[in-house]
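K.L.:
Using the sequences and the accompanying hints, generate a full structural model.
So the protein lines, in turn, are chains A and B.
Using the numbering used here, the first residue of the first sequence is number 1, and each one after it goes up by one.
Using the numbering used here, the first residue of the second sequence is number 1, and each one after it goes up by one.
Derived from the structure by calculation, the hints contain no laboratory data.
All clues stand as given, with none of them false.
Since the list gives no way to pick one copy over another, a pair counts as held whenever it fits inside one copy or between any two copies.
DSS-like mimics (lysine-lysine), calculated; alpha carbons at most 25 Å apart, straight line:
1) 18 with 56
2) 144 with 128
3) 273 with 130
4) 273 with 144
5) 273 with 128
6) 210 with 18
7) 130 with 56
8) 32 with 130
9) 242 with 210
10) 32 with 128
11) 18 with 32
12) 18 with 130
These figures come from a predicted structure and were not determined experimentally.
Protein chains: 2
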Amino acid sequence: MGVIVQKYGGSSVADVEKIQRVAERVAASRAKGSQVCVVVSAMGDTTDELLALAQKVSAGNPHRRELDMLLTAGERISMALLGMALHARGVEAVSFTGSQSGIITDGAHTNARILEVRPVRIHEALEKGKVVIVAGYQGVSREKEITTLGRGGSDTTAVALAAALDADVCEICSDVDGVYTADPRIVSGTRRLAELSHEEMQELALAGAKVLNAQAVEFARDRGITIHARSTFVSGPGTLIKKSEGRELRISGVALDSEILVVRGAPLEVLQKHGAWPREAWDDRAIVSLENVHGLAALLADLRGYEVSNDLAQVSVVGAGIGASKEPLDRALEALEIQPRSTLVAPLRIAFLVPRDAARDCVRRLHAEFIERS
Amino acid sequence: MGVIVQKYGGSSVADVEKIQRVAERVAASRAKGSQVCVVVSAMGDTTDELLALAQKVSAGNPHRRELDMLLTAGERISMALLGMALHARGVEAVSFTGSQSGIITDGAHTNARILEVRPVRIHEALEKGKVVIVAGYQGVSREKEITTLGRGGSDTTAVALAAALDADVCEICSDVDGVYTADPRIVSGTRRLAELSHEEMQELALAGAKVLNAQAVEFARDRGITIHARSTFVSGPGTLIKKSEGRELRISGVALDSEILVVRGAPLEVLQKHGAWPREAWDDRAIVSLENVHGLAALLADLRGYEVSNDLAQVSVVGAGIGASKEPLDRALEALEIQPRSTLVAPLRIAFLVPRDAARDCVRRLHAEFIERS
Numbered sequence: 001m002g003v004i005v006q007k008y009g010g011s012s013v014a015d016v017e018k019i020q021r022v023a024e025r026v027a028a029s030r031a032k033g034s035q036v037c038v039v040v041s042a043m044g045d046t047t048d049e050l051l052a053l054a055q056k057v058s059a060g061n062p063h064r065r066e067l068d069m070l071l072t073a074g075e076r077i078s079m080a081l082l083g084m085a086l087h088a089r090g091v092e093a094v095s096f097t098g099s100q101s102g103i104i105t106d107g108a109h110t111n112a113r114i115l116e117v118r119p120v121r122i123h124e125a126l127e128k129g130k131v132v133i134v135a136g137y138q139g140v141s142r143e144k145e146i147t148t149l150g151r152g153g154s155d156t157t158a159v160a161l162a163a164a165l166d167a168d169v170c171e172i173c174s175d176v177d178g179v180y181t182a183d184p185r186i187v188s189g190t191r192r193l194a195e196l197s198h199e200e201m202q203e204l205a206l207a208g209a210k211v212l213n214a215q216a217v218e219f220a221r222d223r224g225i226t227i228h229a230r231s232t233f234v235s236g237p238g239t240l241i242k243k244s245e246g247r248e249l250r251i252s253g254v255a256l257d258s259e260i261l262v263v264r265g266a267p268l269e270v271l272q273k274h275g276a277w278p279r280e281a282w283d284d285r286a287i288v289s290l291e292n293v294h295g296l297a298a299l300l301a302d303l304r305g306y307e308v309s310n311d312l313a314q315v316s317v318v319g320a321g322i323g324a325s326k327e328p329l330d331r332a333l334e335a336l337e338i339q340p341r342s343t344l345v346a347p348l349r350i351a352f353l354v355p356r357d358a359a360r361d362c363v364r365r366l367h368a369e370f371i372e373r374s
Numbered sequence: 001m002g003v004i005v006q007k008y009g010g011s012s013v014a015d016v017e018k019i020q021r022v023a024e025r026v027a028a029s030r031a032k033g034s035q036v037c038v039v040v041s042a043m044g045d046t047t048d049e050l051l052a053l054a055q056k057v058s059a060g061n062p063h064r065r066e067l068d069m070l071l072t073a074g075e076r077i078s079m080a081l082l083g084m085a086l087h088a089r090g091v092e093a094v095s096f097t098g099s100q101s102g103i104i105t106d107g108a109h110t111n112a113r114i115l116e117v118r119p120v121r122i123h124e125a126l127e128k129g130k131v132v133i134v135a136g137y138q139g140v141s142r143e144k145e146i147t148t149l150g151r152g153g154s155d156t157t158a159v160a161l162a163a164a165l166d167a168d169v170c171e172i173c174s175d176v177d178g179v180y181t182a183d184p185r186i187v188s189g190t191r192r193l194a195e196l197s198h199e200e201m202q203e204l205a206l207a208g209a210k211v212l213n214a215q216a217v218e219f220a221r222d223r224g225i226t227i228h229a230r231s232t233f234v235s236g237p238g239t240l241i242k243k244s245e246g247r248e249l250r251i252s253g254v255a256l257d258s259e260i261l262v263v264r265g266a267p268l269e270v271l272q273k274h275g276a277w278p279r280e281a282w283d284d285r286a287i288v289s290l291e292n293v294h295g296l297a298a299l300l301a302d303l304r305g306y307e308v309s310n311d312l313a314q315v316s317v318v319g320a321g322i323g324a325s326k327e328p329l330d331r332a333l334e335a336l337e338i339q340p341r342s343t344l345v346a347p348l349r350i351a352f353l354v355p356r357d358a359a360r361d362c363v364r365r366l367h368a369e370f371i372e373r374s
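P.N.:
Set out below in structure tokens:
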């Protein structure tokens, strides 16, 4: 009997009614004969609410080990409620924390990486015919400390479990019905992509597209797992993220990341201490993602004396072959209408650092040039 | 260096400001040179809010294993926030779940009993000079399932830890400044007790007084631990609960328990299945506490065919020597003014089953007779 992994994001389990509907969807998958392993995020805005409490109680610089302890309460609540909803429907189910699921990570609190998955209890429960519900986003270090995987980490949990359980499918279910060519809140003429390669999706995610977590896609690429991104409540084809085929130029989309610092010469230890990490660097300049930084003022204080820009955003165009010739870069620079602060070219991506307040216009112009015209 | 155990109830950690004040109080105890182990309940109404979600998602009959998973999120939140508040004050602190603290229980979900405490990680952290914060109310079974100790179970956690750590003091801090002769919301002329024996406190707790958990007091009695019940935010002498001395008649207080069913002939397994347990029985009649029953409709459905009274309350007068002569019973029956449905006499307690809607009047009359007149 095949295994399906289904991940439900926070908006899919935002309230009791939605949890009931997810329970229905899970029960339907179970009834078709598959063993079902469900990964859940925290309900709706729970994580943000917990983060706000943490900021308030710690004068803006929460202790990261305690922050992980706090945030992991979020998935615990959603998974237990989904378990009850399934039982109330007569479906045997059991929920496991990251630790109980055997998700072993390194010790980097608030931004840990999965090292290994030992799904002993999950296997046992699936064998007994139970639906297994796993807390996304969390794990445990070899020192038995509770860790979290950073924003979007539930996707990584799902893909890592799909690999460990040798699943047939890894569904990532959310309130959008697939991967789009840009953020529809910024660009009006976006299109859903029927499929794209792991590499393209990874570039999009690293460039700021929130639809899938970059580490999750990397995991899927390494293990050859096809991800099916789709809507929880609306049926439709969604987007398949799978092994790449072909070599022709094909633009996947345009992405924006506004949550960055650009830093010159800062030591890695200083960044790491605050949950920051240079995502990309040119020489001694680094783009640091602020996604998993929860004490920005403390980080900035520790960076005093270094050159720091806190007013830039990164705009990227992602696509197979985009970095292989000069033409896409020329088109992009022309379309931008402003001189970018920096330009980066990589095999699957060209990116620009632009003033944060001009970034959304840049996204619209690049989308018009590369997606709407083609 | 001596160890202090301090337990803070839900109202003492109800919001960020109160958590800050608790952190101040803990830091002050630490500064006096003691090793401090803090036990916390969930913030304010968190447990009730989670219970309401559970009821809603499960049509009133939440699966008990999943319910424990859900409810344990509550203390996880408060302990992590207290940990951050201490760090923000420069006090090294570390929070541990029930499982990480080595609180081993039986497998009776929603109403588990502590079997053993193996505080390995707590010892290590205390030795390093850290304040240790432990999630109250929760533990882990030998099958590695998360359990909860029933309402008020954080008191039990605190006393069990005080015993395991050989603590000098076990402070139970809450929004009341000690143990009173009756519930001040029912009776106007109540008095704080300077001290009472474990046995008297246990009887009061079993009879419905919420100020301390009965199992906690039993634990304290068995290990010879003195409990100091006091206010978190107002300094004062509080109430000492300690080894009994003397044999004279001394009335401790009057207690009320309205959350009961009176059942005739019901098999134990049926009760146990729903988290219920006969707290007392005469022949085939049992008083069943509903405190840890979260699916009342389902329990009542399973009790169909048995004689069940769901409209009674139990009123008790507790005191050393009260059951040793007929005179206190006669005074009580006279004071009640109504004929009770049943009467129970025990060494430290006389109790009456009365109609639930008359119970508060009965408490007032018994308090006037035994406390206010003497």
